[in-house]
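Go by the hints and put chains B, C and D onto chain A.
There are 4 protein chains.
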Amino acid sequence: MKYIGIIGGSGYTGSELLRILATHKEVEVVAVTSRKYEGKKVYQLHPFLKCFYELEFIKPELKYLEKCDLVFTAVPHGEAMNYVPSLVDIGIKVVDLSADYRLSKDVYEKVYGKHTGYIDAVYGLPEIYREKIKKAQLVANPGCYPTGCILSVYPLAEKELIDRVVFDCKSGITGAGVKASDFTHYPNLHEAIVPYKVTNHRHVYEMIQELKCKVYFTPQVYPGSRGILTIAHVFLKDVKEELSEKEIEEIYKKFYAEKPFVRLQESIRLSWVRGSNFCDISIKFDGERVVAISAIDNLVKGASGQAVQNMNLMLGFDEKEGLFTPPLFP
Amino acid sequence: MKYIGIIGGSGYTGSELLRILATHKEVEVVAVTSRKYEGKKVYQLHPFLKCFYELEFIKPELKYLEKCDLVFTAVPHGEAMNYVPSLVDIGIKVVDLSADYRLSKDVYEKVYGKHTGYIDAVYGLPEIYREKIKKAQLVANPGCYPTGCILSVYPLAEKELIDRVVFDCKSGITGAGVKASDFTHYPNLHEAIVPYKVTNHRHVYEMIQELKCKVYFTPQVYPGSRGILTIAHVFLKDVKEELSEKEIEEIYKKFYAEKPFVRLQESIRLSWVRGSNFCDISIKFDGERVVAISAIDNLVKGASGQAVQNMNLMLGFDEKEGLFTPPLFP
Amino acid sequence: MKYIGIIGGSGYTGSELLRILATHKEVEVVAVTSRKYEGKKVYQLHPFLKCFYELEFIKPELKYLEKCDLVFTAVPHGEAMNYVPSLVDIGIKVVDLSADYRLSKDVYEKVYGKHTGYIDAVYGLPEIYREKIKKAQLVANPGCYPTGCILSVYPLAEKELIDRVVFDCKSGITGAGVKASDFTHYPNLHEAIVPYKVTNHRHVYEMIQELKCKVYFTPQVYPGSRGILTIAHVFLKDVKEELSEKEIEEIYKKFYAEKPFVRLQESIRLSWVRGSNFCDISIKFDGERVVAISAIDNLVKGASGQAVQNMNLMLGFDEKEGLFTPPLFP
Amino acid sequence: MKYIGIIGGSGYTGSELLRILATHKEVEVVAVTSRKYEGKKVYQLHPFLKCFYELEFIKPELKYLEKCDLVFTAVPHGEAMNYVPSLVDIGIKVVDLSADYRLSKDVYEKVYGKHTGYIDAVYGLPEIYREKIKKAQLVANPGCYPTGCILSVYPLAEKELIDRVVFDCKSGITGAGVKASDFTHYPNLHEAIVPYKVTNHRHVYEMIQELKCKVYFTPQVYPGSRGILTIAHVFLKDVKEELSEKEIEEIYKKFYAEKPFVRLQESIRLSWVRGSNFCDISIKFDGERVVAISAIDNLVKGASGQAVQNMNLMLGFDEKEGLFTPPLFP
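Chains as they are written, first to last, in my numbering: chain A, 1 to 330; chain B, 1001 to 1330; chain C, 2001 to 2330; chain D, 3001 to 3330.
With the rest of the complex left out, here is chain A (with noise of 0.2 Å):
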């Protein structure tokens, strides 16, 4: 049995860590912090966990963590930065869900401003750093659209066939935080779909680094709670005229054939993977455009169950240990 905490316990991805890990086999989650609730208990704050956790939030002080195998640390952008170099330095694996870790430092500073705390970590994204996410210290968790865009389309890339990708996405709200703000006013986003930084989203830059081709993307969010729905709509280079449908999804299967949570299916439904670490994917291709489309659950594939994912790789368990279960559905 290994030891976890979880620094930021108060939000979606906080609070949908301790979901998935609460039917774990081999963890236990023994810390849980909250500047804002210290001393209340866990369930208190998210009455649906009632008969899980017996936990009380504490203070996000290292002392409380040392005890720790590894810890999430599932706070906002800037502030991670903070807590993870210290973390690393005791010899305490942490996967961080903020942004901080993603990009190369030049890049960050451009896009988020000054860090504080730059250290390398392994992007995340278990479909194609798997190996070295085996034997990492610090894991960065991708960001949620960054991780249906990319799966949608990366064995093409990878293949450098791609001209230009441009990738309309649809989230849901839990996408946006668990802060009520206008935004996230119910009568702001009813029978709505919401297009917001449509052209300056910070996440392209993921995409970007990944990817190695020309990206263009456009945010969204729809009136559910979980979710992401990614249009790919994919021009080829010059080599496409001797590519089929077929031939396309062939590549993709050969990719995805040892990916045991990517799925190839005939068409998409955002409530075939609603509560499951599955991303699904489907191929359409008119001659002269893929259109490559993704689901995933941002909240697990998206962010928590991609941790928990990562987690099992860097302490040797079975990569599937705690989230293989079926979606939601309906």
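Careful: at least some of the hints might be erroneous.
Facing chain B, according to a computed beta carbon distance under 7 Å, are these residues of chain D, among others [as the list claims (entries may be wrong)]: (1) Arg-3019; (2) Arg-3263; (3) Pro-3327.
Read the hints as simulated data drawn from the structure, not as lab findings.
Every residue, glycine too, gets a C-beta built ideally from N, C-alpha and C.
Positioned in the frame of chain A, the structure of chains B, C and D alone reads:
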């Protein structure tokens, strides 16, 4: 052409008044106040009204309102009392959409606290008080829940047939106002029915005042923007044996014969009244319990539409002017 | 390892049984029937189950089910009676999810019509009949509404404290089944609360049978997929003066002390039970009326989860096996 | 007062015509047909229209329509061609809401199949063809998707600035019609974005016809009743370096200067156009890609509202009559 002012133009009842009055043929809105948005164009805060108003928000000061024939006060309870007496004093007619003038002074102070500007008002439910409203200087627009509840059973209450009634009401989220909060945060409401103040919501006092019987009231919000569905579970006094469902329907038909905004329907859908000033009602009777169901749009018949209906009566217009448009189904 | 069969695998209760049993450690599903989809892979009809089952649908014939230790019948009422007696005859344990064995024969025939295969069954509400269920050959799984209603007030009913109770229930649309109809057509449900059978829904007979008091029941659907929120408006017998809210809570606490799937909560959200087998309950008392509110997932505690809970008891497993997982919030 | 007929009054576009025309001052609806509901009152099928029409549905026979000045054909493609030529023959003006007269005959037959009653029509997009519509005998009302797509980029297309455009569109479910199906079954749509015909939807031919550039179109439904949000990802021809975002906005402003139903907005919400005939458009440009976003109500500007706008022009009324009302926000 009469001149109209609106005190409190930034909230939902304010913008709904503007929506309705935009096509009203007898009046012109000449003043809309908002401390917070003073100097901003109305359509900048309410982009859906672009092309309908060139007005700017002004401060809520008496001098800007003097030319008005009638003013709507669309501010929270406790605030309306700061404006209403001065307006009435200088001869301006007022429809107050807050709770400040709906109850007798002693009941108000028991329920809401100190009242610093009490004057008598007519309770603005035109289906009951049409003639009084025509002559009123100040009309207290009913609460949203009381409108749906009272209309659903008034024909029985008026005949003193009711022993007790349980109102189980489901309101759209706009009832909680324009300000974002944990309560209106999308992920707290998606696929939810959220009961609140299940035994102690203040609107019950209006219902008791008008119905004069034992009233039990439990409100909930449902995942929709507009609409209140009221299910009235009515237990009749001993006279019940003598009544059939048909006779009860006759009582309703007779009472609502000349009331243009109440429609008796065989079944009820919120979408059949959405965006309109109608109150649809259906009746079932199982021999012991009358189930009277009503549907209104909480922002129209439950607030701003009813306020305009009251204005029409107070200014001598056709009761239906500006209001008699079909609902937006589906 | 015990062998399990499912008669009726194409509907929501069938696919939900498959979802739950996919991670159950003591059983293996060896037969799933569907006349319509015979020969098709289970995951082709239910793509969300891809990677969990390689089974094909088979015809619902006895010869394919003989090896089973227990069979779930997940077919409509009137159909289950065609299978259940033969299964019981050859010693197979049965959990029937239809209405066919929930009521005494005479009540059944009054309500549903002719019964051609009546045998005695245990009413499968483990919180009341756990010991009987352990020994049963045939368990009649309760209706979804009755589960939420009965559990919400049973501690009071058992002590004969209730004079009358009004159940105002809101169900997710999956309760209407997998087949498309005008009732389940999206534009008829969006932003809607749709009351139906407001005085004459057949589930009331199960409630009367178990609660033995005056029961009034009005169901509605709300715009969500899963979940039943029950508001029980309870009028107590004369003893009520002697009771405080605290004492009522004590009655509930005592009754549910050893029932792992009932949680007493301070407030209620459907999302705090979604995807789980929990029934959350909260209590308020205003001196005259107890408002007891319960929340269940209609497909889990209201159907297939409760069926697995019954199976666990009947086959001698831990009652919680395969079921004690956190809800999917938010 | 002009007399109006509607062939096909039971579907959504039919009932929406009735909704809009109920408050139109220059026309009277004198005939509404439905084979299926012949003899039934219009408001019995459409209870939301109670108090607005006393008409009964009649058979779609020419003799009942002879007195009409203009007839709307609101029937599926392939059916309209059975009525339109005869109506035109006897001098009745026609607005056809089906696809039957939108394309040239050869394109139509390639896409939809045999056309048995082809005659020339004017493509009814008043923002482009206003003067031709005024003189037309037959107007082909555009498809819902083409309306949103074409208007979103027409000012650029007209100047031949576009190299290619990807239209990623999200439509409300009413676009699928009034008939229940698996596609419109609530649990298949809740919290969903459902892509369909991702590379081969027939509406693309209207777009190509009007825009004359490379068009890629992927439709989806989103969980809402009304509304189409179009995101146009536009790649310009080489001229692009010379253009700034401001200059592009100027092109739009100039083109839409005298078009009362197109509003340029800083951001876009479907709820800002819902229930109205407006098409709201916003523009962003990142130096390589123009993201033009449009929002319409698919049943109004995308169908029946635009049809009435066409009628207004054809019968010599003010283009805005009966249509210039504020959207129903929120």
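A quick look at each hint next to the structure:
1. Interface hint status for Arg-3019/D: upheld, as the beta-carbon distance to the closest one in chain B is roughly 5 Å, under 7 Å.
2. Checking Arg-3263/D against chain B by beta carbon gives a least distance of about 5 Å; that is within 7 Å, so the hint holds.
3. Interface hint at Pro-3327/D: satisfied, since its Cβ lies 5 Å from the closest Cβ of chain B, which is below the 7 Å cut-off.
In summary, this structure violates none of the numbered hints.
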